[in-house]
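> The chain contents come next:
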Amino acid sequence: MISFLTEPLTYEFMQRALLAAILAGGVAALAGTFVVLRGMVFLGDALAHAVLPGMAVAYVAGQNLFIGALLAALFTSFGVGYVSQRQQLHYDTAIGILFSGMFALGIAIISTMRSYTVDLTAMLFGNVLAVSNRELIYLALLSCLILLAIFTWGRGWALLAFDADYAAGAGLPVKQLHYTLLLVVALAVVSAMQAVGVVMVLAMLVVPPATARLVTQQLPIMMLCGVLFSTSAACGGLYASYYLNIASGAAIVLAGVLQFFIVLFYVQMQEKRQARFSKTEVGS
Amino acid sequence: MSTSSAFQMQQASVAFGSTLALQNICITAEVGDCLAVVGPNGAGKSTLLRLLLGLAPLRTGCVEVFGNPPAKSRHLIAYMPQKDTVDWRFPATVADVVLMGRWCHMGYWPRPSATDWQMVHDALTAVGLDHLANKPIAALSGGQQQRIFLARLLARDARLLLLDEPFNGLDAATQHLLLQLLEKMAQEGRTILTVLHDLRMARRFSQVLLLNKTVVAAGSPETVLQPDLLTEAYFGCKLNDYTPNEVAKNDFVSN
Chain A
479 MISFLTEPLT YEFMQRALLA AILAGGVAAL AGTFVVLRGM VFLGDALAHA
529 VLPGMAVAYV AGQNLFIGAL LAALFTSFGV GYVSQRQQLH YDTAIGILFS
579 GMFALGIAII STMRSYTVDL TAMLFGNVLA VSNRELIYLA LLSCLILLAI
629 FTWGRGWALL AFDADYAAGA GLPVKQLHYT LLLVVALAVV SAMQAVGVVM
679 VLAMLVVPPA TARLVTQQLP IMMLCGVLFS TSAACGGLYA SYYLNIASGA
729 AIVLAGVLQF FIVLFYVQMQ EKRQARFSKT EVGS
Chain B
13 MSTSSAFQMQ QASVAFGSTL ALQNICITAE VGDCLAVVGP NGAGKSTLLR
63 LLLGLAPLRT GCVEVFGNPP AKSRHLIAYM PQKDTVDWRF PATVADVVLM
113 GRWCHMGYWP RPSATDWQMV HDALTAVGLD HLANKPIAAL SGGQQQRIFL
163 ARLLARDARL LLLDEPFNGL DAATQHLLLQ LLEKMAQEGR TILTVLHDLR
213 MARRFSQVLL LNKTVVAAGS PETVLQPDLL TEAYFGCKLN DYTPNEVAKN
263 DFVSN
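Just so you know, the sequences run in chain order A and B. Under my numbering, the first residue of the first sequence carries the number 479, and numbering increases by one thereafter. Under my numbering, the first residue of the second sequence carries the number 13, and numbering increases by one thereafter.
I should point out that these hints are in silico values taken from the structure, not numbers from a laboratory. Yeah, the Cβ is synthetic: ideal placement off N, Cα and C, and Gly gets one too. Each hint can be trusted.
Reference excerpt, derived from the structure (chain B facing chain A, CB under 10 angstroms, subset only):
(1) Met92
(2) Arg101
(3) Pro103
(4) Thr105
(5) Met112
(6) Lys147
(7) Asp176
BS3-like cross-link-like pairs, simulated, lysine-lysine; straight-line CA separation at most 30 angstroms:
(8) A:Lys750 x B:Lys147
(9) A:Lys653 x B:Lys84
(10) B:Lys84 x B:Lys196
(11) B:Lys147 x B:Lys196
(12) A:Lys757 x B:Lys147
Modelling step: build the complete structure from the supplied sequences, incorporating the hints.
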């Protein structure tokens, strides 16, 4: 049993992959908590897809992929804000336009490269097994930055998600808070990109916080549980990927989704049992 | 502007795009006034509150709250939005929501002090929900939600209180409790502006403002809640323009 757990870790690339998946998953779950509570899942998905052209340009220019992705995510979040100022257009329409436009631009840029399919696959589906030491350091720095932002603005984001009118009336800088949240979501997307790729980043943002929401009614505990669920999904996914020989990104996402349904069924069963219990109490 | 006035609007107009929401509003409220704002749907009642918070786009005129522009006086204003505007599935306890009222009194890295918790406790006791402090808000009934909002307003300890339809969904006992609390706060020298849709409730306030995009009438309930003025505000015409039959149909006006 112990060798089952330790064997994969004898490989250095697996150690790095595990560390990267846990770090990226953890910060994605923290930022994702606010995405889920504010009901901006679609915007999270758009940001995740919109980083593709930034990564592609950075790749072609031989620059850091993180920075390319971050710039593209920032451009998209401000672009959505700008387009949705038009009263005739809904917010999600603006997201849809920017999202598909940026994604298409990314594919177009990558299609000009010689090793088209290999590079595209890596960016779309991620490759956490190929994380280098240098990328791991970037990831750690990004995680610190995200944690600091959450400590500073977390309460403001929470109030904004619960009661935006009151937040504005209480003198909170609502616009500034909105954009700092977008920035942090963009950072989290970029950090989770390497692990699961553009297409599945949304799962890292949404699934662990949603699972956590099922088990608690308090925000700090929800954030903590989100990190725990995302860590267990990262570990479970990577081991499954090692032993069952399936793509690592997909395995991590599947582990998270499986975990969600297990928790969902467990919670429902508990509620039913409680209802039955209180009924018999009333009856007697 | 006199030193005793809590807020003042002069020829204030608000427009969203090409739609005029409020036009030429001129009102002054003295410190300790207890005002009720009544008017038909779409009369701009909520916009009036938002204008005092500095959240509505002022097209012309000027608004001052305690001698300053609204945005600069927000620390003196407490606002109670309608309870349907928030997400009641949010993961928070009753005490968490009331504590939100104290945030403006904390620093940049808000950590609640013993005083803050005491205020939360006192506010919850005042609305009779102290025993629910650690319950999740998702488990509350509509009336309890409204009372939690009221507790948050009390914890805020502000000089100007703006309430948007606070009596909605309350039973008679809680309505009475709310009225008593408002009277007590007015006696403490706080100024209160409450949007109402129940005209009978407006009679319990010291001043009534009848609004329909512009101020139709303002003054004591006896002078403002008159059939002809109400018809003008609610139907946009003088009473004599209506046939007796139509007036009878809308007999709530005379109540």
